[in-house]
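Protein chains in written order, with the numbering used here: chain A, 1 to 152; chain B, 1 to 383.
This list has only true hints and no planted wrong ones.
16 Å max Cα-Cα, derived EDC-like pairs, lysine to aspartate or glutamate:
{"hint": "1", "chain 1": "A", "residue 1": "K34", "chain 2": "A", "residue 2": "D99"}
{"hint": "2", "chain 1": "A", "residue 1": "K5", "chain 2": "B", "residue 2": "E27"}
{"hint": "3", "chain 1": "A", "residue 1": "K11", "chain 2": "B", "residue 2": "E121"}
Derived coverage of chain B by chain A (criterion: at least 3 residues anywhere in the stretch with Cβ under 8 Å from a Cβ of chain A; other residues may be distant):
{"hint": "4", "stretch": "181-191"}
{"hint": "5", "stretch": "230-240"}
Distance windows between CB atoms, simulated:
{"hint": "6", "chain 1": "A", "residue 1": "R129", "chain 2": "B", "residue 2": "D244", "range": "13 to 21 Å"}
{"hint": "7", "chain 1": "A", "residue 1": "T13", "chain 2": "B", "residue 2": "G22", "range": "30 to 38 Å"}
{"hint": "8", "chain 1": "B", "residue 1": "P129", "chain 2": "A", "residue 2": "G44", "range": "27 to 35 Å"}
{"hint": "9", "chain 1": "A", "residue 1": "P87", "chain 2": "B", "residue 2": "L179", "range": "32 to 40 Å"}
{"hint": "10", "chain 1": "B", "residue 1": "S256", "chain 2": "A", "residue 2": "D31", "range": "42 to 50 Å"}
{"hint": "11", "chain 1": "B", "residue 1": "Q102", "chain 2": "A", "residue 2": "G19", "range": "38 to 46 Å"}
{"hint": "12", "chain 1": "A", "residue 1": "N116", "chain 2": "B", "residue 2": "E309", "range": "38 to 46 Å"}
If you're looking for bench data, these hints aren't it; they were derived computationally from the structure.
What you are looking at is a predicted structure, and each value in this text was computed from that prediction instead of being measured.
Even for Gly, the Cβ is constructed at its ideal location relative to N, Cα and C.
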Amino acid sequence: MELLKRQEDWKITYTHALGETASWFYVQIRDHAKIYGKRDARSGRVLVPPRAFSDQTLEPTTDWVEVGPGGVIEAFTIVYDKFNNLPDPPYAFGYVMLDGADTALGGFFKGVELANGEEASKRLAIGTRVVTRFAEKRTGDVLDFWFEPAAS
Amino acid sequence: MADRPKVGIVGVAIRPCIPDDGRHSLEEHLHLVMHATLADAGLATDDLEGIVVGANDQYDGRAITVMMASGPLGGVDRDILSTPSAGEHAFVLGALRIASGQFRTQLVAAWSPTEASSIPEAQRLANDPLFHRRLPLDELAAAALQANAMEHAAPGCAALAERVLATMRGNGARAFPSLVQADVARGRPTRWPLRADMVPPPVTGVVALMLASEEFIAERGISPVAWISGMGWATEPAFLGDRDLATAPALAAAASQAYGEAGVIDAGTAFDVAEITDVTPYQALLALEGLGLAARADWPARLGEFGPEGRMPVNLSGGVASLNPVYCTGLIRIAEVANQLRGRAEGHQKQGARRGLAHAASGPAMQYQTVIVLEAGERRAAA
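Between the sequences and the hints, there should be enough to build the whole structure, so can you do that?
Written as structure tokens, this is what we have:
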């Protein structure tokens, strides 16, 4: 018998509230090209990206702390497949422990030729010093900044 | 915990790779597996007192997908719960519902269709919209971040991962010869250092287990039974940047909880068979350490112990490295161990297996860790 399939494409747009903490974080990136974390007063840890509360101590975070622009790669990968709403692959992304932070921030890596994964993985090795770069036109988004290996 | 009712697994149905031939809708697949599980237990639909499912709305393309699943699984006029976190969490909930004394039987089920145009994009939707959703962060990318972190922390890991992969694929080819090939050509990189050949493509799968109380099992004279003698579960922070991806503290915590309940003193010698969730062979290595089976310094020397002829075979089913029904891989590990102890693992049966270990991991870079200790029928479950 003939077996049917039905393809559906639902388009629902969500408008997510970022809240005061993430809003302030992205406004500083957008308007001043600076990255801030927020301190958990109980543990003293500076959480980056900032959160209104620590999910470890369950206490509200207190003061803002500027971090970076330098840092160290904590994790990386190179993605060779296409994702929606992103430029064509390959992409390199991962996590960087910015100077002064106690948790690592996710973002893209640039300034590394990605065609040869073996070579690229050496330039993005964990422990490599990087510096944060900012886009000339910023919108208040993760794509406003990226990390590049620091000049040795 | 000594006084809580014992819970046994009395029925299992595993469909780790359902062909995409369009003969059945997802609802119909669930219904067929529900009946297969009851048949395996020698029970009828009237014996079903409640259902717990692990279900993922994004993969199913059905919002609050338990509403879809209620009818096919017997949820009409019966109590049915759902958790979206993991199929293995449904197992824990089902066991605890019987242990509470409020139920005598529970059907536990999880499934993973491949009807979404892109499972990586469906996984991206699980990222928080504040900081992570704009990144190309699907579960494979998270596993790749973890793989690189492991190679950095334990140099030589990549070569060991290749050994693990070969063993798992060999197991898979023996267990499911029509579905799994032992030798797969080296593939292109997908998420460095992972290659296309290291992680099988998603397939459609369904798994269900029938759980019952000791009293019910005795009353019905059900055999074979795999008794639950220990359960543990723990969770790591949601943000990957908050974690050391080369370690698995939540797994150590889950194992400690399960072993304590089961009376396991030395995990290295306690089990006859194990199934671990190995989305990547790197995760398999991390699981061996977190479960207390082999510290990383011992990996090179001890991997042979976990091969098919080794002292304690791991993943005789071939694991996720062989068949990857994404959302139900964890619950399948539990079901596989139950079948080993019930003598129903067919072509990949470990003869005489009496005590088994099941490890389930879910979420990005093994965020959710679950450990289940099971024992074969005649031996009474530990208090």
